[in-house]
Structure formats: structure tokens, C-alpha cells
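Could you put together the complete structure from these sequences and hints?
Residue numbers for the sequence shown follow full-length UniProt numbering, so the first one is 1 and each next one is one higher.
Rather than coming from a laboratory, the hints here were simulated on the basis of the structure. Just so it is clear, CB atoms sit at the ideal spot from N, CA and C, and this is done for glycine as well. Hints are supplied without guarantee of correctness; some may be wrong.
Distance windows between CB atoms, simulated [what the hints assert, rightly or not]: (1) R84 with G115: 18 to 26 Å; (2) H109 with F75: 35 to 43 Å; (3) F30 with T128: 17 to 25 Å; (4) V22 with T110: 15 to 23 Å; (5) F75 with G115: 32 to 40 Å; (6) T114 with M90: 20 to 28 Å; (7) G102 with G46: 33 to 41 Å; (8) L120 with R84: 32 to 40 Å; (9) M90 with T41: 23 to 31 Å; (10) S87 with T131: 16 to 24 Å; (11) D119 with F30: 12 to 20 Å.
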Amino acid sequence: MASGPRFSRRDARSRSVFAQLVRFGAVGAFCAVLDFGTYKTLLAFGMDVSPLIDIARGVSFIIGTTTAYVLNKRFTFDATGGIRQASGFMMLYGSTFAVAVGVNSALLHTLPTTGWREDLAWVVSQATATTINFVMLRFVVFRERARQTGRSVESKDSLRG
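If you want it as C-alpha cells, here you go:
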């Protein structure tokens, strides 16, 4: 019977991570549409030449990122916020901002000039930044709530045993 509760805790934790991943994906999809739409709009308004294209990518990233923070904080990680989380988020997204703009720029300089070059560069840069963001948000920025939840489960089990 000792393996039953452990299996349930492990199962609940994996469902929690899965649920967070699904919510992160939904928020991310919305924010990606917002980011990409901003990027394409700026390019259509003449920011499709260097160095303006890098500025367009930066502006679109900031708009998508700000929206992602607000939505992920509330809906994905159910975090209460505070200066510590906001600071961690700003540091993380400052880093991934550099990654997104850098990857986008590198691809624009290496991909052949075609009609899909900007789109592909955006997609790859966004996927790279999004992967880094989920891992770091889950395990660093919003970890406090996850730790509290883990402690309450463990303390209840220790009272039983």
C-alpha cells in the first residue's frame, strides 16, 4: 500500500506539469500571434531592411513578452507576483530577448533571400526563446508556488506515516 500514495503524488505532479504546459502553450499561441502580427505589421510599414528589421523583431518580442508575463503569471503558474518574480522575469526575458533577436538576425543573414525568409527566421527565433522561457519560468521564476504545493503534499503524507 505504500506505493499507492507515492504513485498518486507522482501522477498528480505530472498532471500538474502537463496542465501547466497546456496552459503555457495556449498563452504562448495567443502571444505568438500577437508578436508575429506586430512583426509583420512593422515590416509592412517599411521596417524590412537592416537595422530596422532587428528593431521590428525587438518591438514585437517586447509586446508578446509583456502579454505573456501577465497571462502566464495568472493562468499558467497561478503566481502571486511580487518584485522578486517580476525581477526574475525581466532578467529571463532580457536574456531571451537577446536570443530571439540574435537568432532572428543570424538566420536573416544566412538564409537565402526568398519570400519566406523573414517568417522562418521569426519562427525559429520564437521557438528557441519559448523553450528557454518555459523551462526557466517553471523551475526558476515561478518556482516558489510549486515548492509550497510540494511541501503541503509531503507534510500531509508525513503526518500519516
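Query raised in the report: Taking each numbered hint in turn, which are not upheld by the structure, reported in ascending numerical order?
Result: Hint check: 1, 4, 6, 7 fail, others pass.
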